[in-house]
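Undergrad: Given chain A's structure and the hints, the job is docking chain B onto it.
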Amino acid sequence: GESVGLHLPTLSVQEGDNSIINCAYSNSASDYFIWYKQESGKGPQFIIDIRSNMDKRQGQRVTVLLNKTVKHLSLQIAATQPGDSAVYFCAVFLSGTYKYIFGTGTRLKVLA
Amino acid sequence: NAGVTQTPKFQVLKTGQSMTLQCAQDMNHNSMYWYRQDPGMGLRLIYYSASEGTTDKGEVPNGYNVSRLNKREFSLRLESAAPSQTSVYFCASLYHRTVNTGELFFGEGSRLTVL
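Top to bottom, those sequences are chains A and B. For the first sequence, the working numbering assigns the number 1 to the initial residue and increments by one for each residue that follows. For the second sequence, the working numbering assigns the number 1001 to the initial residue and increments by one for each residue that follows.
Don't read these hints as lab results, they were simulated from the structure. Here the structure is a predicted model, which is why all the values come from computation and not from measurement. A portion of the hints provided could be inaccurate.
Straight-line C-alpha distance at most 20 Å; calculated SDA-like pairs for lysine to any residue [unchecked claim]:
1. A:LYS37 - A:SER12
2. A:LYS109 - B:GLY1040
3. A:LYS99 - B:VAL1099
4. A:LYS42 - B:THR1086
Covered by chain B, according to a simulated footprint, are these stretches of chain A (three or more residues, beta-carbon under 8 Å) [said to hold, decoys possible]:
5. 8-18
6. 45-53
7. 92-106
Distance ranges between label pairs, derived from CB positions [as the list claims (entries may be wrong)]:
8. B:LEU1115 - A:GLY59: 40 to 50 Å
9. B:MET1041 - A:GLU39: 15 to 25 Å
10. B:THR1086 - A:ARG107: 12 to 22 Å
11. A:LYS68 - B:SER1080: 39 to 49 Å
12. A:GLN76 - B:GLY1040: 38 to 48 Å
13. B:PRO1083 - A:GLN76: 36 to 46 Å
All C-beta atoms in this analysis are idealised placements derived from N, C-alpha and C, irrespective of residue type, glycine included.
Excised from the complex, chain A in its bound form:
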């Protein structure tokens, strides 16, 4: 099976600094990885994704890095803002089975 884990349950960063949230996965056959953001009282929302044929993908203020050798991915948020405060999840989609597996989540706190 697949398991996904996040390295830190909570991350506190100063407003304006960059944030890095890490994630590890277990199945080397996994080929599609996704990051979600969950604000308080809401369902998770898609942020950015990356396929295994890429090492890096950039969005607006966010970058996802994938290291297949050590089965690790990270989400980088540039110039962190108060609105970035939320719980962040990494997920793996197993296209053969349609399973969509989430990690345990990291709570990002932005300090003013």
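TA: Only chain B this time, still in chain A's reference frame:
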């Protein structure tokens, strides 16, 4: 456009009671999912339906049953509720960006307490 709608939003049950959580999506998505969210445990997949007419077990299926009623609706049933099933339940549907990639759209969650 409502997206994914879950009912009820809140429910309190006594141990041993049964109930059904309803989920409907209006985005014409083929695949639908049920998750539970507990503090420190992230989102755990209970059951999913890759397409109308199929359902499969996820990571934590024990104590639950599902029905894919049609393309729009996917319900989750607790036959005999236990305190360990106290959780927030999320339904989601999958939008395929490509054949092998996709983004989940989530409902707002159903908070269930079992006494």
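Undergrad: With reference to the structure, classify each hint as holding or not holding.
TA: Okay, the hints, checked on the actual structure:
A hinted pair counts as satisfied when its Cα atoms are at most 20 Å apart, and A:LYS37 with A:SER12 qualifies at roughly 16 Å. For the hint linking A:LYS109 to B:GLY1040, the alpha-carbon distance of about 16 Å falls within 20 Å, and the restraint holds. For the hint linking A:LYS99 to B:VAL1099, the alpha-carbon distance of about 14 Å falls within 20 Å, and the restraint holds. Between the alpha carbons of A:LYS42 and B:THR1086 the distance comes to roughly 18 Å, so the proposed pair stays at or under 20 Å and holds.
Only residues whose beta carbon comes within less than 8 Å of a beta carbon in chain B count, and the region 8-18 of chain A has 1; fewer than three means the coverage is violated. Using a Cβ-Cβ cut-off of 8 Å, 4 residues of the region 45-53 of chain A lie near chain B, which meets the minimum of three, so the contact claim holds. Counting residues of the region 92-106 of chain A whose beta-carbon sits less than 8 Å from any beta-carbon of chain B gives 11, enough to reach three: the coverage restraint holds. Judged by the Cβ atoms, the range 40 to 50 Å given for B:LEU1115 and A:GLY59 holds: they are separated by roughly 44 Å.
About 19 Å separates the C-beta atoms of B:MET1041 and A:GLU39, a value consistent with the hinted range of 15 to 25 Å. A hinted range of 12 to 22 Å for the beta carbons of B:THR1086 and A:ARG107 is consistent with their spacing of about 21 Å. About 44 Å separates the C-beta atoms of A:LYS68 and B:SER1080, a value consistent with the hinted range of 39 to 49 Å. Between A:GLN76 and B:GLY1040 the CB atoms are about 24 Å apart, so this pair departs from the stated range of 38 to 48 Å.
B:PRO1083 and A:GLN76 have their C-beta atoms about 40 Å apart, which keeps the hinted 36 to 46 Å range intact.
Checked against the numbered hints above, the structure violates hints 5, 12; every other hint is satisfied.
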